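Anchor point for the sequence shown: position 21 equals 21 in full-length UniProt numbering, and the numbering is continuous, going up by one each time.
Any given hint could turn out to be false.
Within a straight-line C-alpha distance of at most 30 Å, the following computed BS3-like cross-link-like pairs (lysine-lysine) qualify [to be verified]:
hint : residue 1 : residue 2
1    : K205      : K119
2    : K125      : K443
3    : K346      : K205
4    : K380      : K406
5    : K172      : K455
Estimated spans, in silico, between C-beta atoms of each pair [as the list claims (entries may be wrong)]:
hint : residue 1 : residue 2 : range
6    : P403      : R256      : 22 to 32 Å
7    : N235      : V59       : 26 to 36 Å
8    : L348      : P165      : 41 to 51 Å
9    : R407      : R256      : 52 to 62 Å
10   : K426      : L469      : 24 to 34 Å
11   : T400      : L295      : 27 to 37 Å
12   : E424      : S269      : 52 to 62 Å
13   : Q474      : L121      : 40 to 50 Å
14   : L348      : N404      : 37 to 47 Å
15   : N404      : L295      : 51 to 61 Å
16   : G289      : K490      : 25 to 35 Å
17   : V174      : D134      : 14 to 24 Å
18   : A459      : V148      : 28 to 38 Å
The hints are simulated quantities; they were obtained by calculation from the structure and are not laboratory data. Source: prediction; values computed, not measured. A virtual CB, placed ideally from N, CA and C, is assigned to each residue, including glycine.
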Amino acid sequence: MSLEDRLSQGVKYDALKNQGTKPVSLKKIEITGGDFSNHFYDKLLSPALNVKDGVQLTVLDDELTSIQQRLLYTGLFRDVSVKLDLDGAPQVPTLLQGAPQQPGSSSKPLPVKATILLKELPLLKYQSFSKSTDNDVSCGVRYLNPNVSQNGDSLLVDVNLQYDPTARAITKNVWSLTYLAPSWISSEGSKFVLTPAVSSVDARKWASHKQYSVGGLLGLQRLCFKKCGDSIITNGLVGELRQVTDISNNASDAIRTYAGGDLKLGFQSHLGHDTREYVGRFTRDGSYGELNFELSGHNSVDYSHGSQEEIKLQPFIKSVGHYEGARSFFCDNFTLGYTVDTGFIKSLINADDKLHISDKFLLGGLGSLQGFRLNSVGLKSGHDYVGGSSLFKADLRLFTRLPNTKRESPLRLYNYVNFGDVYETKTLSALGDLIASGDFITKSAMSTGVGLSYKADNATLDLSYNVPLSSRSQDSASPGLNFAVTLNFK
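With the hints as constraints, model all of the structure from the sequences given.
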């Protein structure tokens, strides 16, 4: 909000506008809404309250703009507005007051006060969901405390379970925690982030083993809200202990080489930019893009038998790109959506294959490559899908609003075509040659289909009929009817 906008809100608008060049003295700051500790308010408001008496109004405006941005970046408020006024109104309780004006000044500054109005978001502390597909059933519980210690810090706890009724086994179990705390030593919008997690994945259906991991990220996150879109940047150190175990008797030799524990340490960076607009829960226009980069090292040595020289980390780099966009036309009756995903991993040592299976790219399944079974596309060793060091996937969808339904209707009909594959490319030049030849399109796994999508706050439904267009022997296609139903309980 500009200075002129703030002045236009004040009941003493004419007096402040006419005194725009006269020195001012901030006497008090009043806050309506929000629930923070005195320590938080002290750090938040002290820059403005420490402004010397007799400064230009524009100088004070810069400090108030900084306060407004810090409050917006907490993620707790739908709107933060600041109103400047002459300090001549009846007194009301104030949170903090500035120092009294110094006597003896030749030109008496104009006393002003600032009122900050906070409109809080309807954030839920407890939420649960259940999801059913034609392959499995999953459920989860989420606890969110957006202001856990009244210092603008937030705590999110997620528990997710996935159950396969045919195998009568839990196939995925993830416990994760995210803690965000404001970083006052950096610019507004920055937060310290801590994300520990414990997970287990039953990969016996596609790779004859189970995976267990415990680890997390410690870093700094920065949010930026602009007219051209919202951005998020996260940089941090990552550590993870991984275990490949319960290997099936008929597992391939490639899977057996990953048996045992593995330690990964490194640096990760994430950049996301969002300009999407929505009609209900469907994207109407705009785009979302993200880039992920990782520089890490890992080792898979048995510490009980390995020497110190044998357990040095084996370095690698990993980059992943994701871009999706949408464009509506004919009065939002039709929306064309598209998604492109790319990925590349390279070991930084002279070896044929020094990458762990947990770091490789897998493809297949609803939300990945529709029309194929989960993680069952591309490179195989025996009957096991072992993943690749590079990935390409593209998806094109046309959403159509059903006749005689409102513009905000949660129900849409869609047609889609998607294709993709994983590859074993050792160098960027090899990946470039693959792209230049066109094989990443003509020789990839491909499918098409029609579907019905329902998206609302409390439920989502996806019902589709899929037709694989490729007939590669290494892929496990899933033709015919697929469905997924998710219910949210608040």
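Hints, verified against the model:
no. : hint                      : verdict
1   : K205 <-> K119             : violated, 49 Å
2   : K125 <-> K443             : violated, 48 Å
3   : K346 <-> K205             : holds, 27 Å
4   : K380 <-> K406             : violated, 47 Å
5   : K172 <-> K455             : holds, 25 Å
6   : P403 <-> R256: 22 to 32 Å : violated, 57 Å
7   : N235 <-> V59: 26 to 36 Å  : holds, 33 Å
8   : L348 <-> P165: 41 to 51 Å : holds, 43 Å
9   : R407 <-> R256: 52 to 62 Å : holds, 56 Å
10  : K426 <-> L469: 24 to 34 Å : holds, 29 Å
11  : T400 <-> L295: 27 to 37 Å : violated, 44 Å
12  : E424 <-> S269: 52 to 62 Å : violated, 25 Å
13  : Q474 <-> L121: 40 to 50 Å : holds, 47 Å
14  : L348 <-> N404: 37 to 47 Å : violated, 59 Å
15  : N404 <-> L295: 51 to 61 Å : holds, 55 Å
16  : G289 <-> K490: 25 to 35 Å : holds, 30 Å
17  : V174 <-> D134: 14 to 24 Å : holds, 22 Å
18  : A459 <-> V148: 28 to 38 Å : holds, 29 Å
Going down the numbered hints, you'll see the structure goes against 1, 2, 4, 6, 11, 12 and 14, while the others check out.
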